[in-house]
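**Q** Chain by chain, the residues:
There are 2 protein chains.
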Amino acid sequence: MPAKVINFNDKFTQFSDHWSPRVIAEMNDYQFKLVKVEGEFVWHDHPDTDEVFIVIEGTLTIAFRDKEVTLRTGEMVVIPKGVEHKPMANEQCNIMIIEPRGVVNTGEIGSDLTALNDQWI
Amino acid sequence: MPAKVINFNDKFTQFSDHWSPRVIAEMNDYQFKLVKVEGEFVWHDHPDTDEVFIVIEGTLTIAFRDKEVTLRTGEMVVIPKGVEHKPMANEQCNIMIIEPRGVVNTGEIGSDLTALNDQWI
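Here the protein sequences line up with chains C and L, keeping their order. The numbering of the first sequence is my numbering, which starts it at 305 and goes up by one. The numbering of the second sequence is my numbering, which starts it at 305 and goes up by one.
Be careful, since some hints might not be right.
If several chains are the same, the list does not tell them apart, and a pair holds so long as it fits within one copy or across any two.
To be verified - Calculated pairs, DMTMM-like style, for lysine to aspartate or glutamate (alpha carbon to alpha carbon, straight line, at most 20 Å):
#1 K308 <-> E372
#2 K308 <-> D370
#3 K385 <-> D333
#4 K308 <-> E379
#5 K315 <-> E361
#6 K371 <-> D354
#7 K308 <-> D333
#8 K308 <-> E388
#9 K385 <-> D354
#10 K308 <-> E412
#11 K315 <-> E344
#12 K315 <-> E388
#13 K308 <-> D349
#14 K390 <-> D333
#15 K390 <-> E372
#16 K308 <-> E361
#17 K308 <-> D354
#18 K308 <-> E395
#19 K390 <-> D314
#20 K371 <-> D349
#21 K390 <-> E344
#22 K315 <-> D370
Hints listed in this document are in silico derivations from the structure and should not be mistaken for laboratory results.
Pulled out of the complex, with its shape left as it was, chain C reads as follows:
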């Protein structure tokens, strides 16, 4: 029987690149992804789904067209579907993203930052 304990900090030691999500778990058709972020991402949205960001360690700012929010360790936010957003971090920040399997990190906008999906660790 599965049900393996997953330690976030252990998983974060297994990769070092930025903006490239690693899948650590699936629940039904949703994936839990760890990402190291630093600098500015691209403006994008996900037209078909909400998306959750949780800060595991560090400080993450998310820009919306009408405001910015800043999340610190132990904080989360739900990005409603279809809402343009741009994640940013002045210093490296470790985050977890929860969203349906198959969602592309840059939405429908092709970018140098578009990452492969289903990179499991």
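Dock chain L against the given chain C, drawing on the hints supplied.
**A** Structure of chain L alone, referenced to chain C:
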């Protein structure tokens, strides 16, 4: 526009009872629930859905029929659908549960520990 920052520790200060989930966010048809646990829960399963437990602070043991796993702060586990489990904690532990809206905490087993759904904080 919503996208409100949610601080887990702030939310945990807003209630004190055990085994009674409080909803803090929704993503599509999934809910994020905070729960304070202490002692032993009841054996149960959720026949229609996986369920995620994340330990925000403390130590949580989950018994399965064939083994036990212990989660500490910063660890998570996916309980596969239909798998019987019994959460336990020797000392108070703060956890987050992620599962579809409408899932009852004790599954299909009526119990004194069956909690109301949709208690938002």
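**Q** Next step is simple, just say for each hint if it's right about the structure.
**A** Each hint tested on the structure:
no. : hint          : result
1   : K308 <-> E372 : between (36 Å within a copy, 10 Å between copies)
2   : K308 <-> D370 : between (41 Å within a copy, 13 Å between copies)
3   : K385 <-> D333 : both (17 Å within a copy, 12 Å between copies)
4   : K308 <-> E379 : between (24 Å within a copy, 10 Å between copies)
5   : K315 <-> E361 : both (13 Å within a copy, 18 Å between copies)
6   : K371 <-> D354 : within (18 Å within a copy, 35 Å between copies)
7   : K308 <-> D333 : within (18 Å within a copy, 25 Å between copies)
8   : K308 <-> E388 : between (35 Å within a copy, 15 Å between copies)
9   : K385 <-> D354 : within (4 Å within a copy, 23 Å between copies)
10  : K308 <-> E412 : neither (33 Å within a copy, 24 Å between copies)
11  : K315 <-> E344 : neither (23 Å within a copy, 29 Å between copies)
12  : K315 <-> E388 : neither (29 Å within a copy, 27 Å between copies)
13  : K308 <-> D349 : between (32 Å within a copy, 17 Å between copies)
14  : K390 <-> D333 : neither (25 Å within a copy, 24 Å between copies)
15  : K390 <-> E372 : within (9 Å within a copy, 41 Å between copies)
16  : K308 <-> E361 : between (22 Å within a copy, 19 Å between copies)
17  : K308 <-> D354 : between (27 Å within a copy, 13 Å between copies)
18  : K308 <-> E395 : neither (31 Å within a copy, 22 Å between copies)
19  : K390 <-> D314 : neither (27 Å within a copy, 26 Å between copies)
20  : K371 <-> D349 : within (15 Å within a copy, 42 Å between copies)
21  : K390 <-> E344 : within (7 Å within a copy, 43 Å between copies)
22  : K315 <-> D370 : neither (34 Å within a copy, 26 Å between copies)
In the structure shown, a violation is registered for the earlier hints numbered 10, 11, 12, 14, 18, 19 and 22, in ascending order.
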